Amino acid sequence: MQTVSLIAAAIEREGISTVCISLLREVTSVIRPPRALFVPYPMGYPLGAPNDNALQRRIIDAALALLPRIDVPVFEEMQR
Amino acid sequence: MATYEEMSLRVRLFMKGYPFKRFKIDPVPVAPFDKSLSKARVALVTSAGFHTPEQPGFDQGISMGDASFREIPGHIDVQILLESHNSSSFDHAGIEADKNLALPVDRFRELEAEGAIGELNHRHFSFMGSILNPRRLIKETAPQVARSLRADKVDAVLLTPV
Chain A
1 MQTVSLIAAA IEREGISTVC ISLLREVTSV IRPPRALFVP YPMGYPLGAP
51 NDNALQRRII DAALALLPRI DVPVFEEMQR
Chain B
1 MATYEEMSLR VRLFMKGYPF KRFKIDPVPV APFDKSLSKA RVALVTSAGF
51 HTPEQPGFDQ GISMGDASFR EIPGHIDVQI LLESHNSSSF DHAGIEADKN
101 LALPVDRFRE LEAEGAIGEL NHRHFSFMGS ILNPRRLIKE TAPQVARSLR
151 ADKVDAVLLT PV
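So the sequence lines, in the order shown, correspond to chains A and B.
Count the first sequence with my numbering and you get residues 1 to 80, in order.
Count the second sequence with my numbering and you get residues 1 to 162, in order.
By construction, these hints were calculated from the structure, which means they are not laboratory data.
A portion of the hints provided could be inaccurate.
If you only want the chain B side, here are some residues facing chain A, beta carbon under 7 Å, derived [what the hints assert, rightly or not]:
| no. | residue |
| --- | --- |
| 1 | Phe20 |
| 2 | Pro32 |
| 3 | Pro143 |
| 4 | Ala146 |
| 5 | Leu149 |
| 6 | Leu158 |
| 7 | Leu159 |
Partner residues are not named here, just some residues of chain A that face chain B (Cβ under 7 Å, in silico) [what the hints assert, rightly or not]:
| no. | residue |
| --- | --- |
| 8 | Thr3 |
| 9 | Ala9 |
| 10 | Ser17 |
| 11 | Arg32 |
| 12 | Leu47 |
| 13 | Gln56 |
Bear in mind the structure is a predicted one, so any value in this text is a computation, not a measurement.
Note that CB positions come from ideal geometry on N, CA and C, so glycine has one too.
Make the full structure from the sequences, and use the hints.
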């Protein structure tokens, strides 16, 4: 969570919008990347489940929906 | 969502004691997304420690973490990627079964084919997380990837941890 958050900040500073998936609110809310979607899955499963294309797509769609937000840091929770 | 309570005691104690606050991003940068997604060029970044069979693995001997990155070609079959992330803080079985779980190239190809995104970038980037001392990541390798993405005229990036 820390690594992707720090990379997201570097990318955003280059003028590119970013959104992070996060599995740990405790960490991400302290580091504060510009936009993060908290997902209700275990560590190692950022897009929910292997070979579950529909679930992976739902999570990706929810994350991409945060891109237009400029009220950073943006933290949203995905419901299971 | 994962919580501290679900993790092993060792990982939990480590995370409770780790000074995450030291690396708080302040101020939080913001780049307005002024394009419709259907016209945007999108790239992916993961910290899953993926690399191609030709690329060297990440160096797990660097005790404070390996801040290097691997460039993942956009045309690759993601399932052939290798993972050299040795952290015991997560279950590796999921990403071993389906690399899209942490680097969803196939899902984004579908989005591109449907016209939901403008186009997928010709390359993506992979780091290995669990970088205890992120100084080199912050000063050197993350900005380097950010500049490459800007050179590629990427409009949006999705980042996935493990």
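Out of the numbered hints, which ones does the structure contradict?
none
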